[in-house]
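Throw the hints in and build the complete structure from the sequences for me.
Order-wise, the sequence lines are chains A and B.
Quick note on the numbering used here: the first sequence kicks off at 255 and runs consecutively.
Quick note on the numbering used here: the second sequence kicks off at 488 and runs consecutively.
There may be inaccurate statements among the hints.
[Said to hold, decoys possible] Label pairs and their in silico Cβ distance ranges:
1) M427/A / K590/B: 30 to 36 Å
2) A616/B / G434/A: 34 to 40 Å
3) K590/B / L435/A: 36 to 42 Å
4) K461/A / K599/B: 42 to 48 Å
5) G721/B / I555/A: 52 to 58 Å
[As the list claims (entries may be wrong)] A few chain B residues that don't get close to chain A, going by computed Cβ distances all over 10 Å:
6) P490
7) S545
8) Q553
9) R560
10) M670
Please keep in mind that the hints were generated in silico from the structure rather than gathered at the bench.
None of these values were measured; they are calculated from a predicted model.
Think of the CB as a built atom: it goes at the ideal place given N, C-alpha and C, for glycine as much as any other residue.
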Amino acid sequence: MSARLEIPAFDWLRVVVEPWALYPETTIWIVLMGWLVSLVCGAVGLFLILRRMAMTGDAISHSVLPGLVLAFLWTASRATLPMMLGALIAGVLSVILIEWIHRSSRVKPDAAMGIVFSLFFAVGVILVTAYADHIDLDADCVLYGEIAYVPLEPMWALAGIELGPAPVMRMAMVGLIVAGLGFLFFKELITTSFDPVLAASLGLSPKAFHYGLMIVLSVVIVSSFEAVGAILVVAMLIFPGATALLLTHRLRLALALLPMIAALHSLLGYHLAVWFDVTVAGSMAVAAGGLLAIAWAVYCIWARVARSSH
Amino acid sequence: MKPVLETHDLTVIYSRKPVLYGVDLTVHAGSIVGLLGPNGAGKSTFIKACMGLIPLESGWVELFGQRGRKAIRRAGYVPQRESVDWDFPVNALDVVLMGRYGKLGLFRRPGKADREMAMDCLRMVNMEAYADRQIAALSGGQQQRIFLARALAQETDLYFLDEPFVGVDAATEAAIITILRKMRDQGKTLIVVHHDLTTAAQYFDQLVLLNMRVIASGPTQEVFTEENLHRAYGGRLTLLTQAASERIQQRSS
Ligand SMILES: Nc1ncnc2c1ncn2[C@@H]1O[C@H](COP(=O)(O)OP(=O)(O)O)[C@@H](O)[C@H]1O
Ligand SMILES: [Mg+2]
Chain A
255 MSARLEIPAF
265 DWLRVVVEPW
275 ALYPETTIWI
285 VLMGWLVSLV
295 CGAVGLFLIL
305 RRMAMTGDAI
315 SHSVLPGLVL
325 AFLWTASRAT
335 LPMMLGALIA
345 GVLSVILIEW
355 IHRSSRVKPD
365 AAMGIVFSLF
375 FAVGVILVTA
385 YADHIDLDAD
395 CVLYGEIAYV
405 PLEPMWALAG
415 IELGPAPVMR
425 MAMVGLIVAG
435 LGFLFFKELI
445 TTSFDPVLAA
455 SLGLSPKAFH
465 YGLMIVLSVV
475 IVSSFEAVGA
485 ILVVAMLIFP
495 GATALLLTHR
505 LRLALALLPM
515 IAALHSLLGY
525 HLAVWFDVTV
535 AGSMAVAAGG
545 LLAIAWAVYC
555 IWARVARSSH
Chain B
488 MKPVLETHDL
498 TVIYSRKPVL
508 YGVDLTVHAG
518 SIVGLLGPNG
528 AGKSTFIKAC
538 MGLIPLESGW
548 VELFGQRGRK
558 AIRRAGYVPQ
568 RESVDWDFPV
578 NALDVVLMGR
588 YGKLGLFRRP
598 GKADREMAMD
608 CLRMVNMEAY
618 ADRQIAALSG
628 GQQQRIFLAR
638 ALAQETDLYF
648 LDEPFVGVDA
658 ATEAAIITIL
668 RKMRDQGKTL
678 IVVHHDLTTA
688 AQYFDQLVLL
698 NMRVIASGPT
708 QEVFTEENLH
718 RAYGGRLTLL
728 TQAASERIQQ
738 RSS
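In structure tokens, the structure reads:
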């Protein structure tokens, strides 16, 4: 028996119109969540790329797993705060461990990273499978997340007015905090990223900002987890920033492009998922990849035009 | 008057290998000091140790007669140009503004006065026309001028410059030395890592020959002797002087 790969016909009405006309609530929350995840991960990821630490996002998103599971077992609930804290501790611990290994041995940083995150992740997987009978935290959900379930989560309400599903509201809050920190510490962030040695001589403490960024990264990863899962968080940490930096070489402009890039990721990904009837998170990552390819093509053409006009 | 820089028994060890050993040095205000020594002699390490950027095994450093963080803020540092990623998506003015951040403190964003000051610094290195230019689009010489402008923006009385003449064109080299002399005439002290022996005697008032230890230090004409250079560079000097004399011949031909 072989599964035939069939491409469903593109039905404009079914793929584009109906989601907004027939079930607008669901569509809005999913698209909004996708936009937030891509935007917030993208903004933090942009600085990771600039610091040549892109793979650190990968490492941390795997390392938080045992923290999540232990917090879950400890509190015997899926309450968000303990899970966040557990993941945060695991994430920061893994960063400290990576640095300690490569500083106190001849193991190079990238190898140290590989060692630590695969170890943490393995411990996490063992914990999940060992306690799988007792907990409804299945590995699939942690790995892939399910953004399609976001609209079903309990609503946050303020003074009787429904604001939106909890994950979306949490992500929005994290986004606001990240934006606020980014605004407050913009000069320190670019200086410690561009020239950490000068930053240290100016008294800006690159170390403090490194760990600060790692903490923010862990929080962002955990709040994105339930929407897109461990593997796709990595995509969202890299694609938006990489796309923006292909389109412009100005940092502020690149940051300003992120909301638009994130909107494209979310909308294209969502409708792609409806069209093929597949996972939304996966489609978002594929849309992000497609967009990056387009940005790359634009970059190549632009570079050629610039060269020939000289 | 207190010396601008004083080190005593300065020792730095990298993974069990001593890189600096018992370095005693005193530098007084208002001179351009050349820091010379072969590759791997510990010149960059010495600067980093003075700036408090690496832990000392033993000894101490005093800047302006004081130790610790506060004293270090009174010194400016121009790292080796290759030590940063010039593909970083900022423009020349952004980089010069970084020089102001030590004085600004947390949470404060650079204001109009800082911007104007940074523009003045760009003007001093003849780069005002490039303020808006992304640093990736600048030549090596222009990048080095931007680094110098950033140092000027720090407005300190003591500067450490690590190999400012490497990979720059002749015009930039001349421009940099002119600016350094102007700074010296304003009473500032400049400690410059340099490796071109053919220009060392001409550029510097004082010389420090370093190779893990201080081989010699003092006024240039006293220090710049064949014997001292031999002791600093060892067997490599013959190669170096050969290369140097070849270059001098090339220049004069
Ligand atoms: N971070 C480091 N870790 C280990 N060894 C180092 C480090 N930095 C420099 N070294 C070693 O210390 C010695 C002195 O280096 P450096 O101060 O850069 O010399 P110079 O600037 O005079 O060329 C070299 O042998 C170099 O290999
Ligand atoms: Mg050096």
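Quiz prompt | Index of numbered hints that the structure contradicts, given in increasing order | solution = Hints 3, 4, 9 contradicted; others consistent.
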